[in-house]
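Participant: Here the protein sequences come in this chain order: A and B. Residue numbering for the first sequence follows my numbering, beginning at 111 and increasing consecutively. Residue numbering for the second sequence follows my numbering, beginning at 5 and increasing consecutively.
These aren't lab readings, by the way, just hints derived from the structure by calculation. Don't take each hint at face value.
Stated by the list, open to error - Dumping the calculated EDC-like pairs for lysine to aspartate or glutamate here, alpha-carbon to alpha-carbon at most 16 angstroms:
no.	chain 1	residue 1	chain 2	residue 2
1	B	K10	A	E235
2	B	K13	A	E222
3	B	K42	A	D119
4	A	K265	A	E222
5	B	K10	A	D247
6	A	K284	A	E222
Remember, it's a predicted structure, so these values are computed and weren't measured experimentally.
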Amino acid sequence: MNDEQQLIDAAKAGSVVAFTGLVRSYRHRLLRFLLTRCGSYADAEDALQDTLMAAFRYLHSYDPRWRFSTWLYRIAIRNAQKIRSELVVEFSELRDEEGDPLLHCIAASETENLWISARRVLNEEVFAATWLRYAEDMSIKDISIALDRSVSWTKVNLLRSRRILDTEMRRQSKGDEAYG
Amino acid sequence: MDEMAKRLKSDAERIDVHISDELDRRISASLRVVGPEKPAKPARGGRPATFWWASSLTGMAATAAVIVVMNARPPLEETAAPPAPATAVAAVPVIDWKAETAMLTSPLRQELLDLKSDIKKAEQKVKDDIGL
Chain A
111 MNDEQQLIDA AKAGSVVAFT GLVRSYRHRL LRFLLTRCGS YADAEDALQD
161 TLMAAFRYLH SYDPRWRFST WLYRIAIRNA QKIRSELVVE FSELRDEEGD
211 PLLHCIAASE TENLWISARR VLNEEVFAAT WLRYAEDMSI KDISIALDRS
261 VSWTKVNLLR SRRILDTEMR RQSKGDEAYG
Chain B
5 MDEMAKRLKS DAERIDVHIS DELDRRISAS LRVVGPEKPA KPARGGRPAT
55 FWWASSLTGM AATAAVIVVM NARPPLEETA APPAPATAVA AVPVIDWKAE
105 TAMLTSPLRQ ELLDLKSDIK KAEQKVKDDI GL
């Protein structure tokens, strides 16, 4: 039995310490992902808190055939969708650094962060699939589980997302050349 | 890893987040309040163990009662079995079938009448043989 499984068993028995240890390495990654989906830093923090509470509460429903991170992201994606539907935030409206929490958390760079472009040009689910694939190195199968979609849907949409982002990268580089 | 994958990975890492102490405390406090739920037990599992013992014993008692009642009834008067007919005792005679191909030499109607007559004769012979 590995460490993660031992922590899961202890957390199922009600140990907050075990659960905290279990999710410690995921908290930053989850917050980063949630920040891309929420309208403010505070909302992202609330979504993280809700995600961890739901995970602890429903830990008995965790299927050990899945990776724990996949299950955790599945809950996070649902929470992010719930918060977004409540707030009705349009990312296109968040153009300045003060308004957009994601811009606020990105270090100044010569090139625009590709995730800002991705958020603008991809829909919510495809953005999540792309994030899980390239930011989290998740397998296609795990992504399809996390999004509750088929493997084929995941493959096709990741391919489309790459094409769209590729076009966006070219557009950016052309713009840079024109200004340069 | 291709250029785009590298770019997406590095851009994701450029998003700087940190869990504040206040958020950490908030999460810990909410986890202590929530606690994990226990999985719902199936409805049948809720019955006490004595339920199955009680139903088994009831079944066994009912079976025993039926056996006792059946054995306690007076035996039925024995009636003499009807004598077997003498003919039934006789061994079934072996019939020597003789099949012949019909040779149609007369008009069909006449042949049909002859065949019927032959069948009747054969039936009568069989009846005589078995004593009917």
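Participant: Mind checking the alpha carbons of A:K284 and A:E222 for me, to see if they're no more than 16 angstroms apart?
Facilitator: 13 angstroms, holds
Participant: B:K42 and A:D119 were given as a pair; does the straight-line alpha-carbon distance stay at or below 16 angstroms?
Facilitator: 13 angstroms, holds
Participant: Does A:K265 pair with A:E222 here, judged by a C-alpha cut-off of 16 angstroms?
Facilitator: 26 angstroms, violated
Participant: Assess, step by step, whether the Cα of B:K10 is no farther than 16 angstroms from the Cα of A:E235, and give holds or violated.
Facilitator: Violated. B:K10 to A:E235 sits at ~21 angstroms, over the 16 angstroms cutoff.
Participant: Given the hint that B:K10 pairs with A:D247, test it: the Cα-Cα distance must not exceed 16 angstroms.
Facilitator: Satisfied, since the Cα-Cα distance of roughly 11 angstroms is no more than 16 angstroms.
Participant: Is it true that the CA of B:K13 sits at most 16 angstroms from the CA of A:E222?
Facilitator: 14 angstroms, holds
The structure shown violates the earlier hints numbered 1, 4.
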